[in-house]
Amino acid sequence: DTAVSQTPKYLVTQMGNDKSIKCEQNLGHDTMYWYKQDSKKFLKIMFSYNNKELIINETVPNRFSPKSPDKAHLNLHINSLELGDSAVYFCASNSRFYEQYFGPGTRLTVT
Amino acid sequence: GEDVEQSLFLSVREGDSSVINCTYTDSSSTYLYWYKQEPGAGLQLLTYIFSNMDMKQDQRLTVLLNKKDKHLSLRIADTQTGDSAIYFCAESGNTDKLIFGTGTRLQVFP
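Protein sequences, first through last, are from chains A and W.
Residue numbers in the first sequence follow our numbering, run continuously in steps of one, and reach 120 at the last position.
Residue numbers in the second sequence follow our numbering, run continuously in steps of one, and reach 116 at the last position.
No lab work stands behind these hints: they were computed from the structure.
Warning: the hint list may mix true and false statements.
[To be verified] Keeping only pairs whose Cα atoms sit at most 25 Å apart, straight-line, the calculated SDA-like set for lysine to any residue is:
hint: 1; chain 1: A; residue 1: Lys-50; chain 2: W; residue 2: Leu-14
hint: 2; chain 1: A; residue 1: Lys-49; chain 2: W; residue 2: Lys-103
hint: 3; chain 1: A; residue 1: Lys-49; chain 2: W; residue 2: Ser-57
hint: 4; chain 1: W; residue 1: Lys-62; chain 2: A; residue 2: Ser-74
hint: 5; chain 1: W; residue 1: Lys-42; chain 2: A; residue 2: Ser-95
hint: 6; chain 1: A; residue 1: Lys-50; chain 2: W; residue 2: Pro-45
hint: 7; chain 1: A; residue 1: Lys-53; chain 2: W; residue 2: Thr-87
hint: 8; chain 1: A; residue 1: Lys-50; chain 2: W; residue 2: Arg-81
hint: 9; chain 1: A; residue 1: Lys-45; chain 2: W; residue 2: Ile-105
hint: 10; chain 1: W; residue 1: Lys-103; chain 2: A; residue 2: His-82
hint: 11; chain 1: W; residue 1: Lys-42; chain 2: A; residue 2: Lys-28
hint: 12; chain 1: A; residue 1: Lys-49; chain 2: W; residue 2: Asp-89
hint: 13; chain 1: A; residue 1: Lys-50; chain 2: W; residue 2: Thr-87
hint: 14; chain 1: A; residue 1: Lys-53; chain 2: W; residue 2: Thr-31
hint: 15; chain 1: W; residue 1: Lys-103; chain 2: A; residue 2: Pro-70
hint: 16; chain 1: W; residue 1: Lys-76; chain 2: W; residue 2: Gly-21
hint: 17; chain 1: A; residue 1: Lys-28; chain 2: A; residue 2: Ser-104
hint: 18; chain 1: A; residue 1: Lys-80; chain 2: W; residue 2: Ile-105
hint: 19; chain 1: W; residue 1: Lys-103; chain 2: A; residue 2: Tyr-110
hint: 20; chain 1: W; residue 1: Lys-62; chain 2: A; residue 2: Glu-108
hint: 21; chain 1: A; residue 1: Lys-31; chain 2: W; residue 2: Lys-103
hint: 22; chain 1: A; residue 1: Lys-45; chain 2: W; residue 2: Gln-50
hint: 23; chain 1: W; residue 1: Lys-42; chain 2: A; residue 2: Asp-47
hint: 24; chain 1: A; residue 1: Lys-49; chain 2: W; residue 2: Leu-112
hint: 25; chain 1: A; residue 1: Lys-50; chain 2: W; residue 2: Thr-110
hint: 26; chain 1: A; residue 1: Lys-45; chain 2: W; residue 2: Lys-62
hint: 27; chain 1: W; residue 1: Lys-42; chain 2: A; residue 2: Tyr-110
hint: 28; chain 1: A; residue 1: Lys-45; chain 2: W; residue 2: Glu-11
hint: 29; chain 1: A; residue 1: Lys-28; chain 2: W; residue 2: Gly-46
hint: 30; chain 1: A; residue 1: Lys-53; chain 2: W; residue 2: Ser-57
hint: 31; chain 1: W; residue 1: Lys-103; chain 2: A; residue 2: Ser-74
hint: 32; chain 1: A; residue 1: Lys-31; chain 2: W; residue 2: Asp-102
hint: 33; chain 1: W; residue 1: Lys-103; chain 2: A; residue 2: Asn-84
Okay, chain A solo, but in the shape it has when bound (with noise of 0.2 Å):
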């Protein structure tokens, strides 16, 4: 059983182009963050949500805005893609702040 899904798993777009990525878990959770790794392992939190509420927002460009449609779902669409936006995306989420449960990550490449 999937715990925390996300598609796409891959995803190459041109610079300019407005995409989505999806992310759902089926754990009950209240809180789902999404995190960036960039080329170089380095991770970072981009925002959390709790119960649909945001909670964490990090210094992010306005062009990423996340949507949660319910508790179990949350999204990221980017507009306006740029190249320095190619990284791999994260989605996690947890009950308890201590146990984060971690997505398979989505690969975006902006060419």
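Use these hints to put chain W onto chain A, whose structure you have.
Frame of chain A, contents of chain W only:
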């Protein structure tokens, strides 16, 4: 600001022990974690330690925390080739925001 540092690489022989080190700056850290990332995969939580503990053991894994020096280590006993991965140290304070270290790439050779 918060900062978490790790050495980038560690190479060990199969069967030996591996020790991965981490230092952090946030004195209000509540939980400290070790995550494992295998190639092309997401992060897997290996273990965590509460800041009022100084040691935690879980099968082959031993976590040591020196709160005074803000130093965390992960010891893997009897390291196997399947342990080859990137290991991330992370800390969280009073919120659920995780601050990750730079990751240590562990290579196990026969």
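Evaluated hints:
| no. | hint | in the structure |
| --- | --- | --- |
| 1 | Lys-50(A) x Leu-14(W) | holds (11 Å) |
| 2 | Lys-49(A) x Lys-103(W) | holds (21 Å) |
| 3 | Lys-49(A) x Ser-57(W) | violated (29 Å) |
| 4 | Lys-62(W) x Ser-74(A) | violated (39 Å) |
| 5 | Lys-42(W) x Ser-95(A) | holds (22 Å) |
| 6 | Lys-50(A) x Pro-45(W) | holds (11 Å) |
| 7 | Lys-53(A) x Thr-87(W) | violated (28 Å) |
| 8 | Lys-50(A) x Arg-81(W) | holds (22 Å) |
| 9 | Lys-45(A) x Ile-105(W) | holds (12 Å) |
| 10 | Lys-103(W) x His-82(A) | holds (19 Å) |
| 11 | Lys-42(W) x Lys-28(A) | violated (29 Å) |
| 12 | Lys-49(A) x Asp-89(W) | holds (20 Å) |
| 13 | Lys-50(A) x Thr-87(W) | holds (21 Å) |
| 14 | Lys-53(A) x Thr-31(W) | holds (16 Å) |
| 15 | Lys-103(W) x Pro-70(A) | holds (19 Å) |
| 16 | Lys-76(W) x Gly-21(W) | violated (29 Å) |
| 17 | Lys-28(A) x Ser-104(A) | violated (28 Å) |
| 18 | Lys-80(A) x Ile-105(W) | holds (23 Å) |
| 19 | Lys-103(W) x Tyr-110(A) | holds (13 Å) |
| 20 | Lys-62(W) x Glu-108(A) | holds (16 Å) |
| 21 | Lys-31(A) x Lys-103(W) | holds (21 Å) |
| 22 | Lys-45(A) x Gln-50(W) | holds (16 Å) |
| 23 | Lys-42(W) x Asp-47(A) | holds (17 Å) |
| 24 | Lys-49(A) x Leu-112(W) | holds (15 Å) |
| 25 | Lys-50(A) x Thr-110(W) | holds (10 Å) |
| 26 | Lys-45(A) x Lys-62(W) | violated (29 Å) |
| 27 | Lys-42(W) x Tyr-110(A) | holds (12 Å) |
| 28 | Lys-45(A) x Glu-11(W) | holds (18 Å) |
| 29 | Lys-28(A) x Gly-46(W) | holds (21 Å) |
| 30 | Lys-53(A) x Ser-57(W) | holds (22 Å) |
| 31 | Lys-103(W) x Ser-74(A) | holds (19 Å) |
| 32 | Lys-31(A) x Asp-102(W) | holds (22 Å) |
| 33 | Lys-103(W) x Asn-84(A) | holds (19 Å) |
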